[in-house]
Amino acid sequence: MTKQRPRVDVVLIGFGWTGAMYAEKLTAAGLEVLALERGPWRDTHSDFATTFAQDELRYYWRHAMFQEASQETLTFRNNSAQTALPMRRWGSFLPGNGVGGAGVHWNGQTYRFLPSDFVARSHNEERYGPLPPDMTVQDYGVTYDELEPHFDHFDKICGIGGQAGNLRGEILPGGNPFEGPRSDHYPTPPMQMTFSQDRFGEAARQLGLSPFPVPSANMSRAYVNPLGMQLAPCTYCGYCEKYGCGNYSKASPQTTILPALMQRRNFSLRTNSEVLSVEKTADGSRASGVTYVDTSGEVVFQPAEIVVLCAYPLQNTRLLLLSNIGTPYDPRSGEGVVGKNYCYQVMSSVTVFFEEEHTNGFVGAGALGMAVDDYNGDNFDHSGLGFIGGGYIACNTTNARPIESHPVPEGVPNWGSRWKRAVRENFLKTADVGVHGASMAHRGNHLDLDPTYTDARGRPLLRMTYDFTLNDRRLTAHLTPVAEEIARGMGGREIKVNARRGSYDTMPYQTTHNTGGTIMGTDPATSVVNRYCQSWDLPNLFVSGAGLFPQNAGYNPTATVAALAYWSAEAIVSRYLPDPGPLVRT
Amino acid sequence: MRRLRDMLLASTLAGGLGLGAVPSAPAQELAFSQVERGRYLATAADCMACHTNIEEDGEAYAGGRGLETPFGVIYSANLTPDETTGIGRWSRDEFYRALNEGVGRDGEHLYPAMPYTHFTLISRADADAIYDYLFTLEPVRNERPENELPFPLTLRQTLAGWKMLFFEQREFAVDPDRPQEWNRGRYLVDALAHCGACHTGKNVLGADKDDEYLRGGTLENWFAPNIRGGVNGGIADWEVEDIVRFLRDGRARHTAPMQRMGEVVGLSTQHLAEEDLRAMAVYLKSLDDRPREAPEAPDQARLEIGAAIYFDNCAACHAADRAGVPYIFAPLGSSNKVAAEDPSTAIRIILGGARAEATRAAPSQLAMPPFAWKLSDRQVADLLTYLRHAGERKAGPVSASQVEDMRRYLEEK
Amino acid sequence: MTSFTRRQAVRLLLLAGTALAAPRLMAREYGQGEGTPWAPMSGDVPHHGTGEERFLGPAEHAAVAAICARLIPSDEDGAGAAEADVVTFIDRQLAGFYGRGQNWYMKGPFGEGTSTQGYQSEHPPAMLYRLALAELDAYCRAEHGAPFADLGADDQDAILAGLEGEEIEFDRVSAKTFFDLVLENAIEGFFADPIYGGNRDMVGWRYVGFPGTRYDYRDFINHNGAAIVLEPVGLSGRPGWSGP
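Protein chains in written order, with the numbering used here: chain A, 26 to 611; chain Z, 5 to 417; chain F, 1305 to 1548.
Hints in this document: simulated from the structure, not taken from any laboratory.
Be careful, since some hints might not be right.
[As the list claims (entries may be wrong)] With a straight-line cut-off of 25 Å between C-alpha atoms, the simulated DMTMM-like cross-links for lysine to aspartate or glutamate are:
id : chain 1 : residue 1 : chain 2 : residue 2
1  : Z       : K206      : Z       : E72
2  : Z       : K206      : Z       : E152
3  : F       : K1411     : A       : D319
4  : A       : K50       : F       : E1333
These numbers were taken from a predicted model, which means no experiment stands behind them.
Let the sequences and hints guide you as you build the complete structure.
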């Protein structure tokens, strides 16, 4: 027997970064908002205080704050000819769980996608001619210029530190000259760099590249955001990604939005409440609300005027499939949209081993780094290269957490005395030059429901079919040698190239930047939502997150995810509420 | 709590404070301004804090909050105009008499947990305004629990003797040689805000010691610090503006209000007019204090251990040089809590943690985590001994047994 | 005094088991202007794996200790798994939620899987250890006439290399999966915080120069390539926090 709760104006499914953003904007507009989060409440003092946050075993290796695979995982195969098997424990990516979601345990690298990334198909075809038929790259339907005010707002909410490279069209020294025009400076200065970044910067400049400080959500100084939230200066403790920040110095939903939001009487949040499906009205024309189950086992129907999917991209896709909303994507025919264009990123790196100098990686922060963008997006001529897109190349000093980070030079065995000695000799003397490569959509890479495996409640798991594409392989083969060249210029004893070869492997951690599945676009035949992130099928259903990306760019996604959420929330307030129907007519 | 916040959100400045000049005027045409004035005065007096069962989400002003006193638990009265459980049948005179004389409706003496030793200074006009405001509240039926007091304190007659010794019915006397602002500040501090209820030391019978006026007091195992200014007072290094910020925003360069003082700022002072906060600050700054005696020098080994514990545990927020981060993490070198003669509050915060009050101006709820699970009594004592010695104002060593007592109190709480 | 005293451990359990710990797992509603919850003396302090629980039997214990001692040997260059007491770490881990595979997805059907599909054993870690150790024991007795722990270092190394290189295979479980897991757990036990039983006296951290759970390196940002000498500190402290 399903219980029914009183109707609310808006129900948010999932309460991480985008949930907090929609909640803040929609409650400010006077709407009554309820967020449903399937994980627990989390806050700095209770869950990752400075007295115990720096615990590598608990938070990373035992997944204290990640989604429990036993509750829900996904199955994986490299291609449709294989049988997908469940990811029994997390490896290559780490979905968040609980209040704040992955926003609690991100590194804080806050890049904006390039203007050309939002028009990837039209831009590249105009410059290089038609893309291969299997390359299902699409335009977003929204442009960088339209999103810019929302990028700017997110910068100010987080107090992002950085050096502007393009201020309203003027190229400024020390910043990223390739970035889209910014309407304002970064709200705080860049982080203070360490030895490794200095060496990287010199080496990159020697090669004629343009190094700039990584835009950082780790605070370079104390900051108060537009909601009055206070952020403290980062202490370079080296526990950002996979960890919560204990001293309020990393922008997260907890440090930038939640306490202000929790003062508002038209907002409420229910934790440990997992949404099972988005429900439709009898005529199927609108969402009527959601059904959720909580830890007491009680199944509840929550009616709502507006439903927003704010979970992780993989879960948003699965929820649409389980709710029979939108046409599932079929890779054979290329028809259908839900689950289409799943993308990842192609990561590689070069480790520099120093002989005398100490890099002291434990003096680190998630977004402490210098980067070059000369090989990102369409910042360089791709003529004759056989691929599009690119990636940034960066030297970040994020940590020296020893279980995770103990690189050894080429030729050292995996264990035993030689290994142990090599770990010791190099532990404090390595720097990493990483390539953060884009991933372009391909017809065969997609998400659907698994025919065999089910979650803890007996419902089908999501199935991921994914492998690196020819574009990915050419991209990484082109960019990794550039990183190698920079690394060689950094003055170390030797380097080690960690190239990305072979098929995508789910075990080694790469990046929690899974995208696509609920993509946005200009045409209901090829996208799940319109340019306002509004479902083509149900006009009162909105979708957030990196699942909106038609393909993945060579950047960390959070700022773009945020800009899209703020853009969409603004569209709800200024366009949808006065006339609650489709915002794009077809 | 929802209703409580509704009321606070609506609270606005209701003009200047009556220093005995405004006549009682409940006439119809004055109803609005009178109620607003009453709401403001009730806010300044922070009636809500004691008369709302905050711990159990009670209705605003409906009483029933258990107040820990050295003599037992006293439950606060229901101030809503409910006829049977509230003040619905109280007359204006009876209400004034309660504030002014500490006498209940039936002539019984009130326990001095109700700070009538301060409220006796409230003008009749202000009392009437508060009364008029309280009568606009929704009546809430809420029976007050029996007080948990030992004999003979259960007998109200016992209070007659106490009052004879320690209570003096009096009027607020304006000092004509001082500016209006100072007088207004003093009226707020002494009469309405009753700061001395916590910040003035008490004798064994719970009465203010005159020579301890605002020099700090111990209450419910908190030490409410010295809030005198001048050159020797506990807040000598606070500027007027710092005090205003502390009371208005809940954030100052030196510290933020937490727990009990957090309630005061959250429920009361952040809603007051800035000119009133400034007046209070000016008054407090005018109060000098006697110089402190030099404390005994601690053992060098303890200082080294304390410094090590500090650097490893505390620098993450308070910085290696103890300078903190202004408005976010308290600087400890100049901390009034650390350097207090009675280290109770510092011990308590290290063991149990603390959280800055969220205010309208500063919604962040910055919290210090508890160290009870991590540091032994001895380690907390060494840490504090180091901090008290290294600070700008030196204070004496802390013993492990002091920490042990507080730990036991917190664990049993 | 880097390990937890009994008293601290008890108190820690009390804290972990009370206050926020239980209610946080139940569905609960927040908001409506009431701010965020807080209570003194509360916090989700470390709990899992900090106690005295055990899984391995004596022979299993000896075998795991011997394996770890070859993976991370004690030698002239410094301490190894033995000094770090890695086996105690592994024992506690196997006895807890990790050993039970409690937050892993352990529903069938189970398939062989490709190299890119990750862990596909039907057994959670503790049971994988138990079955693999039994087969390892049988193998060592059959091939070398003695249990693993009693063999010479060279033989032990050769056997471990055989497991890693899939030259030695077991019937009921994957020898390679077992090897990979033990290596992973041994490194965890060498470098995890001492409260979990391994990295005793922070020997793993001292060996590589990791300063541990410090949370403020602002004074060292400008190191410019120079060594930073800092005593390591664990979640339960370091010797410098106590008097002689």
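Verification of the supplied hints:
no. : hint             : result
1   : Z/K206 / Z/E72   : holds, 15 Å
2   : Z/K206 / Z/E152  : holds, 21 Å
3   : F/K1411 / A/D319 : holds, 22 Å
4   : A/K50 / F/E1333  : holds, 20 Å
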